[in-house]
Each structure stands twice: as C-alpha cells, then as structure tokens.
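J.: Using the sequences and the hints, build the whole thing.
Protein chains: 2
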Amino acid sequence: MASPALSHVPHLQTALSGPLHEIEARLLEEQSRIEAWLRSQWRQTPAPLYASVDLRNAGFKIAPVDTNLFPAGFNNLNPAFLPLCVQAFQAKMEQVCDTASQVLLIPEDHTRNLFYLESLATLHDIIEKAGYVVRIGSLREDLTAPATFDLPSGRSLVQEPLVRRGRRVGLADFDPCVIVLNNDLINGVPAILEDIEQMMFPPPALGWAHRLKSGHFSHYHEVACEFARLVDLDPWLINPLFRNCGELDLRDAEGKRCLEENVDKLLTDIRRKYDEYGINRPPFVVIKADAGTYGMAILSVRSAEEVRRLNRRQRTRLQSMKGGAPVTRLLLQEGVYSNETWGPEAAVAEPVVYMIDHFVVGGFYRVHTERGPDENLNAPGMHFEPLAFHESCNTPDRARDPDAEPNRFYTYGVIARLALLAAARELAEHREAR
Amino acid sequence: MASPALSHVPHLQTALSGPLHEIEARLLEEQSRIEAWLRSQWRQTPAPLYASVDLRNAGFKIAPVDTNLFPAGFNNLNPAFLPLCVQAFQAKMEQVCDTASQVLLIPEDHTRNLFYLESLATLHDIIEKAGYVVRIGSLREDLTAPATFDLPSGRSLVQEPLVRRGRRVGLADFDPCVIVLNNDLINGVPAILEDIEQMMFPPPALGWAHRLKSGHFSHYHEVACEFARLVDLDPWLINPLFRNCGELDLRDAEGKRCLEENVDKLLTDIRRKYDEYGINRPPFVVIKADAGTYGMAILSVRSAEEVRRLNRRQRTRLQSMKGGAPVTRLLLQEGVYSNETWGPEAAVAEPVVYMIDHFVVGGFYRVHTERGPDENLNAPGMHFEPLAFHESCNTPDRARDPDAEPNRFYTYGVIARLALLAAARELAEHREAR
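If you're matching them up, the sequences are chains E and V in order.
Per the numbering used here, residue 867 is the first one in the first sequence, and the count goes up by one each step.
Per the numbering used here, residue 867 is the first one in the second sequence, and the count goes up by one each step.
Hints may be right or wrong, so weigh each one.
[To be verified] One-sided and incomplete, this derived list gives chain V residues near chain E with beta-carbon spacing under 10 Å:
1. M959
2. R1264
3. Y1276
[Claimed, not checked] These stretches of chain E come out as covered by chain V in the derived footprint (C-beta under 8 Å, 3 or more residues):
4. 902 to 913
5. 942 to 949
6. 996 to 1004
7. 1254 to 1261
Calculated from the structure, these hints are not laboratory results.
Ideal Cβ positions, reconstructed from N, Cα and C, are used throughout, including at glycine.
T.: Put into structure tokens, the structure is as follows:
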C-alpha cells in the first residue's frame, strides 16, 4: 500500500451525472436547516466517540454501506487535518469526562498488521496531542511484557499487558481515568474488561458480539426517512434497501431456500426503484455477515439463481468469520454501484469518512484498480490505495457548483453523519437496556 | 498589504537562541500537565467567544502584549485552517446556546476599511459554514437600507440597519437567536444594544468602554505566576512587567512628573531582570492608552528623560484616541524585543494568535520591514505583511527539537491561551458584578 498522494487533488469522476447533482444541490441549499437538525439530534442522542463510514456513490444515489465504531485507517487521513482530529477529541473529552488526564488505549490483537499499527500510532498521536497521557494496553494474553513495534513510517509504539485491580483496569504502573476502545470485541467482552468502574469509549456493548448490521441499518432507515422529509428527497436516494433472514445454516436446504427467497424479494424491490428512476443497470445484492467488520464473507449476486449455484466452498466462506466463529446471520443489502473513478485507468473509488464525536474530521478513498463498480472494496486480502481527502468536509461553499470539491465532501460528511446518528441511536438503546 | 505567502513555510529566525529554547523545551515536556491544567481552568472560567493575542518573542522571553476580544484579521489566517475555525465555533455554540440557529453579527462601523471588511467576510463565512443562518447588522446610524460591499477577494457582503423590537434586536425581517459582537464598543454600549434579552458573545461589558489593559494584565500576572509554578519557570520569562499611573493629564506638570517617575521605576525593574539574565540590551518601556485597541497612541521610551522631552504634539498624540475620545489613563508596559525576523531583509515579525473558545485556530505574523525590534508593530497607518502560520498550534511533536515549527507554534498557542485565561477571568468578574 503506497502512501497517499497527499499533494494531489483527487480528480474523481462520477460516471452518471444525473440525480446526485440534485442531492448535492439540495443538501447545499438546506445546509443551515440540516446542521440545526443534526445539532438537535446530537442533543437527544450523543454521538459515539468515533466512527468511520463506508459510502458508495452511484451517481444517482449515495448511501452508507458499513459503519465501523472501532475504526482503523486513521493513518490514511490527510495529515493536514490532524489538528481537526486533535480539536474534536478535546471537545469530546471535555463533554464526556472533563477531569480525565490519563487515557488507556486498547487496540485490536493483530500485532503483525503494520497498516493497523500505523493507524494505532496515529490514534495514539491524536490523543497525546490533545493533551493526555496515553498508553496502550493489549488484550493479547500472550503479551506478558511491554513490546515495542517499529513501524514503516519511522514511528514506534509500545504495547503493554493489561493489569486488573479490583474494578479498575490499567497497566503495571498506570491507572488511567478513561479507556478508549479500538477493538471491535468480535469474540465478546473479555473478563478483564467486565464490570470495570472506569468509563470506556465506545462502550463494549457496541462491539460486534452485541451488534448487528441489520440493527444499524434499521436505525439508519428511520434516520434516512426523517432526514429525507426534512430536505424533501426520496429516502431511497440515500438509503440502501436491506433484508435479513434471521438465523440460518446454508448447509440446510431450508437455509438455502430462505436466502434465495430473500435475495429475490430484495432484487425485485431494487428493480422497482431502478425502473422509477430509469436506471438501466442490473440490480445486485450484497450478502454479508450481519456482525463483524472485516468482510471475511462478502458476496455480490444479481439473481436468486446465483445463490442456488453457490458451491460448498463459497457457502462455507460466507458463513466463516475472523477468528473462526461461525456466521449464523446474514445481511442482504442493496448493492450500490460505485461510480466514482480515479485516474486514467478509471479505478473504482469508494469514500470512507471519519468522525470524532459528531465532527467530520477527514476521510479517504479506497482506490482499487482490479475491482468492478459492483464489487465490495473492503474485502479480505484486498489491495487498495488510500487517497486522502484533499479538503475537509465542513466547508461547503454555496458560491460554487453543487459538485465542486468542498460541496461533494460536504455531501459525504452529511450522509456519513446520518449513519453516525443511527449508531448514536444504537448507543442510546444500549444505555436504556442497562 | 499583499496576500499572505500561504504556500510558504515561514522561515523565522530568532536572533537570541538562549533561554527561549528552554521555555519551549519545558512547555513540550509538560504538555499533558499544561493541557490538564488549562482544562481545569476553562471549567472554572469559560473562555470568551474569541480573541486574538499579540505576542512578542525576544528570544530570552515570550509574552503577550495585547489581547483583543473583538478580533479582526481573520482573513490573514491560513485558509487551510478554516475547518478548524468552523469546528471550534460549532463546539462553542453547542456549549453556550445549543438551540440557536440564526446569528446576527454586529461589526465595527468603519465600512471603508477593506482589510476589516475582508476579516468580517471571513468571520461571516466561519459562522455560515458552521451551519448557522448569519446576517450582518450595522450600528451605523447613517446606514438606513441594506448596503452591499464588494471586496478585493471577490466576495461581497451585505450590512443592514439594526432594528429593535422590545427587548430584542435584529433586522427588518430577521429575529436572531444570538448575537456575535465584533465591535469593541470603545464609545460605550449604544442604546439599541442595552438590556436586550438575546445572548450576546462576547458581552458588551468586555468592550473597551468598560475594560482596561491594566485590568487584563493584572489578571495575566496572576495567571503567569500560577502557570510558572506549574511548569517551574521564572514567571518573568512569560510576563511583561507593567505599571499604570491612574488618571493623568500630560498638560499638567504633575501628570508629566507622575509619568516620568513610573517610567523610571519600571525601567529599573526591567534592568534588574536583564542583569539577572545577563541581557546586554537597553530596557525600554511602551506607553499606551489603557483602553482601546487601535494603538493610536503608542510610544517606546528608554528613559524618563525621553518622557521629559516629549513635545506638545507627541503628548497630544499620546492622549488622543480613535473617535477623538481623550485618553486619561495610560499603561506603561515592559517593552519586549521582537527578535523574530523573516526573509533576507531580516524584517521584524510579531506573531498574532487567534482563538475561538479555548481552541487555538491559527495565527499570522505581522512582518514589517521598516520597524526596529523595539517598536510596536500594530501602530496607526502601519504597513505590515501578514504571513499566515503554516502549521497549527495544537500538534506539538516531542520527537522533534523544541524549536521545530510545530513546537514553536505550540509555545505560541500556550502563551496566547494564558492571555485568554486572563480575559476569561475578566469575563467572570463581569458576571459576578452583574
């Protein structure tokens, strides 16, 4: 993975220039109403600590397809916006825990993934520059002494074994005020983090062991409908249709039939919208695990027939997960074409937007030369070039065209914040449930 | 005034490389303690809406010499940090008035000063991009209909007559939730702004009709002593000595004698510190009006004898003010050499740091080719080149030298925030007095 072409203005093209232009124009016209509405939403349901949202921009529609509440990839952001990250982190901490001064950062376990470690180093940097003492405590049980990792960027970071004392968790010589979780807890909340008295952001209940994508997208559906009413848009233009079919086992004939039926129904719904908007492309459905972030099991299909023809290996793959846990729930999501392309080779580009608190602090494009516009760009083993956003997402400019760069980035930031709001409602649900 | 050399990294030199290096090193070492202390200070005394602070960097000491609570010059900031301004404004408004959506901006009266109008347009932009409906209402009584101003930057702005309805102020067709004051109210609070029910930031009581520089620097003295204890520094290294001699009239023999005596005492105090630090330069004192921001009356003197020899014109000038109001109170401030220079001609450069809420959002250097290092760089009719800070002030980097750029900017940001804290204490005093 090359370093992002930072000095380079991303020269992205949108193949279809129809309705999206209208979406961008609506958002720009309604900017102050949108921001006032979002402010009122954050008052009711505060945003989680941070998030990254994968968007797909089809030209005629733009929608979030994945929301990660334990984001990595901070190293892919434009370093010019590091100050924005630092300031947003400061503002968030003053709100939620204003007397904190020592922060423990708990990362993912995969200590050999240099991309992840670079992101972790950037996150560490953000928290440190925000004025906190920050150290990294690992959940890996095989880590019994502090370990230093030297990174390709020239930075290094130290991970230390976690130590539990009563209802507090920390390091051997470090008792933090607050814990920042950057581990998606796919395998559940480990005992060492259970029932601790320190505040933890985000709360472990937002880990993948407790969270379902279908839950997120149910909330997103509500958010998109409310927002669409506010700005007078068809919600479908910002909302991916989806279905889930509960627990199933693809080794069963019944499980397979259920999946086929749901794929078929969803394709019919999408086709109806395509007909309404005169879109002459085949609809497709993305099948993925309903929990988990790593896209170990992602498949694009254009017909129920394709599901029927899945071989054993494909089915097994669809139901296997990072760490080997079996996937029993699948999400069927409307496939959104990615019609943003970059460079002379017209590589497919997918925007990923980062937020700290409810502030959009940057983003990057996953640029992929070997994938088609109907394929997922965050699949396992996938090679992509990160291309940092050149401009921020909070400086819309009404004096310019709706699809001028600052306005396109503003649109990304609005749609990403709608997904963030869905996550905020998940968080509120979890709080009420406690 | 040329546009700032934005793509240019300011190549500033500090003639003396002695103690300042130590100040910067201390601040860098103590960064997390400093930030924790500042956070606790903002909890006790929230920062005003915004401020700009003029710093003087003598190499051996660095100190604020003026704090402006109704700052202009926003147009001199690096446009790359506009997102930081927008985000800080959002964070502030959510804290102080989270249901507001319409903002009235009340500017200075001088509608012919294009530099000021460019700053006003930038401030308008910041508030608009933050997601507010913002309009500009003028205090000028001769403005009876909306007037459009076209600016050299290609932007234009509209100023409209203020309209009072009961205890609310607004425009003919605009009833704002909140008022942002960018007028220093040197001539007092006008009737149209008295006793209004809307929130006004900053409050009119922080206008120059109610505020004295000596009051500000008394608070700053306290802040500097507390801070110096925290980081174990001699407070003088960040604190300009000062004296004020109450009301006086320089046409009187008594008034002149009082001024001479105080200048002499202050020079003696400065000389004592210079001796302690082995500084072989003549101490000097800056005499300025104790209220007001425009530096109509600023004089540098190196001896009481110089005061004695002031001619009638100089004395008159020292006691005249913008708008013609007579100056009866003078502040005598330790002169701080400006030993930052820029470019091949070694032009004198003075940093000006901007804050929104307690966040440092940028700054610029006043670069002046025709002034000496012991002269004020913000004098009437003065010509300077603004040189925007290339980097932000919130990304200190301990892996680099204490005087590396991000660390120098961090130092500026810390000292500027100490002056902001002094202003926050003035604000608290005003609140208690109400």
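J.: Look at each hint and say if it fits the structure.
T.: Cross-check of the supplied hints:
1. M959: Cβ of M959 (chain V) sits 8 Å from chain E, so the hint holds.
2. R1264: holds (8 Å)
3. Y1276: holds (9 Å)
4. 902 to 913: holds (count 6)
5. 942 to 949: Holds: 4 residues of the segment 942 to 949 of chain E have a Cβ under 8 Å from chain V.
6. 996 to 1004: As far as the segment 996 to 1004 of chain E goes, the hint holds, because 4 residues have Cβ atoms under 8 Å from chain V.
7. 1254 to 1261: holds (count 3)
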